[in-house]
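A.B. asks: Based on these hints, arrange chains B and C on the given structure of chain A.
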Amino acid sequence: MYAQLVETGAQRVRGTDELEGQERVFQERIDAGVKIEPKDWMPEGYRKTLVRQISQHAHSEIVGQLPEGNWITRAPTLKRKAILLAKVQDEAGHGLYLYSAAETLGVSRDALIAQLHAGKAKYSSIFNYPTLTWADIGAIGWLVDGSAIINQIPLCRCSYGPYARAMVRVCKEESFHQRQGYDLLLALCNGTPEQKAMAQDALNRWWWPALMMFGPSDADSVNSAQSTQWGIKLFSNDALRQKMVDQTVPQAEYLGLTIPDPDLKWNEERGHYDFGAIDWDEFFNVIKGNGPCNRERLATRVQAYEDGEWFREGLNAHADKQAARGAAAA
Amino acid sequence: MSQTDAAQKLAYALRFGDTALVLSHRLSEWCGKGPALEEDMALANTALDLLGQARHWLTYAGELEAQGRDEDALAYHRNDREFFNLLLVEQPNGNYADSMVRQFYFDAWHALALRRLLASNDAQMAAIAEKALKEVSYHLRRSSDLVVRLGDGSERSHAMMQAAADALWAYTGEMFMGDAVDADAAAQGYGFDPASLRAPWLDYVREVFDEATLTLPNPDAWMHQGGKQGRHGEALSYLLGEMQVLQRSYPGAQW
Amino acid sequence: MKKEWPLWEIFIRSQHGLAHKHVGSLHAPDAEMAVNNARDVYTRRNEGVSIWVVRSADIVASSPDDKEPLFEPSNSKVYRHPTFFPMPEAVKHI
Numbered sequence: 001m002y003a004q005l006v007e008t009g010a011q012r013v014r015g016t017d018e019l020e021g022q023e024r025v026f027q028e029r030i031d032a033g034v035k036i037e038p039k040d041w042m043p044e045g046y047r048k049t050l051v052r053q054i055s056q057h058a059h060s061e062i063v064g065q066l067p068e069g070n071w072i073t074r075a076p077t078l079k080r081k082a083i084l085l086a087k088v089q090d091e092a093g094h095g096l097y098l099y100s101a102a103e104t105l106g107v108s109r110d111a112l113i114a115q116l117h118a119g120k121a122k123y124s125s126i127f128n129y130p131t132l133t134w135a136d137i138g139a140i141g142w143l144v145d146g147s148a149i150i151n152q153i154p155l156c157r158c159s160y161g162p163y164a165r166a167m168v169r170v171c172k173e174e175s176f177h178q179r180q181g182y183d184l185l186l187a188l189c190n191g192t193p194e195q196k197a198m199a200q201d202a203l204n205r206w207w208w209p210a211l212m213m214f215g216p217s218d219a220d221s222v223n224s225a226q227s228t229q230w231g232i233k234l235f236s237n238d239a240l241r242q243k244m245v246d247q248t249v250p251q252a253e254y255l256g257l258t259i260p261d262p263d264l265k266w267n268e269e270r271g272h273y274d275f276g277a278i279d280w281d282e283f284f285n286v287i288k289g290n291g292p293c294n295r296e297r298l299a300t301r302v303q304a305y306e307d308g309e310w311f312r313e314g315l316n317a318h319a320d321k322q323a324a325r326g327a328a329a330a
Numbered sequence: 001m002s003q004t005d006a007a008q009k010l011a012y013a014l015r016f017g018d019t020a021l022v023l024s025h026r027l028s029e030w031c032g033k034g035p036a037l038e039e040d041m042a043l044a045n046t047a048l049d050l051l052g053q054a055r056h057w058l059t060y061a062g063e064l065e066a067q068g069r070d071e072d073a074l075a076y077h078r079n080d081r082e083f084f085n086l087l088l089v090e091q092p093n094g095n096y097a098d099s100m101v102r103q104f105y106f107d108a109w110h111a112l113a114l115r116r117l118l119a120s121n122d123a124q125m126a127a128i129a130e131k132a133l134k135e136v137s138y139h140l141r142r143s144s145d146l147v148v149r150l151g152d153g154s155e156r157s158h159a160m161m162q163a164a165a166d167a168l169w170a171y172t173g174e175m176f177m178g179d180a181v182d183a184d185a186a187a188q189g190y191g192f193d194p195a196s197l198r199a200p201w202l203d204y205v206r207e208v209f210d211e212a213t214l215t216l217p218n219p220d221a222w223m224h225q226g227g228k229q230g231r232h233g234e235a236l237s238y239l240l241g242e243m244q245v246l247q248r249s250y251p252g253a254q255w
Numbered sequence: 001m002k003k004e005w006p007l008w009e010i011f012i013r014s015q016h017g018l019a020h021k022h023v024g025s026l027h028a029p030d031a032e033m034a035v036n037n038a039r040d041v042y043t044r045r046n047e048g049v050s051i052w053v054v055r056s057a058d059i060v061a062s063s064p065d066d067k068e069p070l071f072e073p074s075n076s077k078v079y080r081h082p083t084f085f086p087m088p089e090a091v092k093h094i
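Protein chains in written order, with this note's numbering: chain A, 1 to 330; chain B, 1 to 255; chain C, 1 to 94.
Next comes chain A alone, as it looks inside the complex (with noise of 0.2 Å):
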């Protein structure tokens, strides 16, 4: 997902009833559906935990903005331009909703950029791949948004407090994200043969890495298990991948879109769809740093920030100057 294989530095998960003192009853509100709120005692896990997580998160927002901004300058319509431009901005917003929840940690927004920069933070796999055409747009909002919401509708309900409103907010905001991506995709496959296969070409190439974003089966996962407990994941990657399956399988065929898997098809007794083996490699290398575009989108987020440090420093110039010639003035 947004963010993929969380550590949390748990050994293994304890039960309530093993756990003492400030950390049983912060297990305990947890327990009961008490949000947990900054400056709640809380685990130094659990912090850090929810450092990582919210901080992958934010950083997937922003290195997101780049893919889809690669076609703003190049969208077909005027109207396509304009909903695609107000969306890439939403995602900047996304992020900036998403630092302030990492913030009230006690961390602050640069720190977490930095360890974004030195490569130390990670972000989502599926922005590591290029957008070579106009229906990859498509794709993307209707593949990646859409597994996006089935992780963050559960997130809303999350336990600590400033994430899941920052969540409620992102799920308001994103709820056309998809549908402008199918929408997109619709006028490809309602079109000429040539933009159908775009349509076509798109899918093959963004069907498996959305697949891939909810990350590896975590059911013996100690994290997961630690994360779940805390209340901060609320349903398991391979149910969540499920989830995005089932729901999109029958929104392909409308489109009338082959998904590329040919062991992709509904089993009755689980009611559900069965699909074929996914390439954890690939994965893997994506997010050791080997995808198509990994240097490239790093690159360009750390050269718009130094580019932006004389800005930055600039307008803190004029704060400070203003600030003390009211003070003189006073």
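Read the hints as simulated data drawn from the structure, not as lab findings. All the given hints hold, so there is nothing to weed out.
Pair by pair, the computed Cβ-Cβ distance ranges are: (1) GLU37/A - ARG13/C: 22 to 30 Å; (2) GLN303/A - VAL49/C: 37 to 45 Å; (3) ARG179/A - ARG80/C: 40 to 48 Å; (4) SER196/B - ALA323/A: 34 to 42 Å.
Counterexamples of contact, computed for chain B against chain A with all Cβ distances above 10 Å: (5) GLU65; (6) ARG115; (7) ARG116; (8) ASN121; (9) ALA123; (10) SER137; (11) ARG141; (12) GLU174; (13) ASP184; (14) ALA186; (15) GLY189; (16) ASP193; (17) SER196; (18) ASP203; (19) MET223; (20) GLY230.
Quantities reported herein were computed from a predicted structural model and do not represent experimental measurements. Backbone N, C-alpha and C fix where the C-beta goes; we use that ideal spot for every residue, glycine too.
C.D. replies: Using the frame of chain A, we list chains B and C on its own:
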């Protein structure tokens, strides 16, 4: 309305539409690469406003032309020699100081121009101007504010803003140079004489530069012109090549 | 690391006559820019007609440790709520 009159008015509407479209394009190039998240979002808002204005202008231009061309036909199927935007707005983004000064010079003119169009005897033009002016008043407030802050900021930000102010100055004169199209607009009462905006524009820019501790370049310096007549710099053709690639590559396709 | 723009808490009053509501935070070099940034960040969908900004560092919050002494006492004053007083069915408009 005679054929020539219609052609003049069409050219007049296209100047506003093309100027808004090209500047919106330039601003959208910053999307995702701004100097701070908050600034990235603010600039995208300006780009969206201008894009919306361009759509109104081009739609109206299509109606004036009465050849069945809509906003997209006009945006995507004209060559650079058929674009009538101001030279100022097609200037490449440069660094963020360049982009901000370009914005400030333009906003200061744009607000004055739209205010004059409120009195246009063409109801459609007056309506577009009225809607746009609300947006542009905010653009101008924001760009003026940034010019003051960055001019009167750090030594470095001051130097960068001064360099941008000097470099772009020669593209400001065109905003005040009239031609036959402008003369017709003023005479018919749907437009105004651009030369009449020069004094208030200079006063405003001087006032903001004073507060920003920036030096106003020489008002009588030599100025470029030609954009309004379709004679552009080399950059515009590349900009349009990028903007129009899909429409041109797949003729007749619906998107 | 260079000095970061300070953090501001943003409150927006919607068109519906409700009080200003906390909507989130952002960074800005000073109060005036915080208002501008809030406009561009938090009112993109017609959310508001008035903006308040407060430097995050200036917010004084109650301590979670005081939760019991601060908030428990009001729990026992059920008579402050109208539902405490059942009214006869026949009595209207009250």
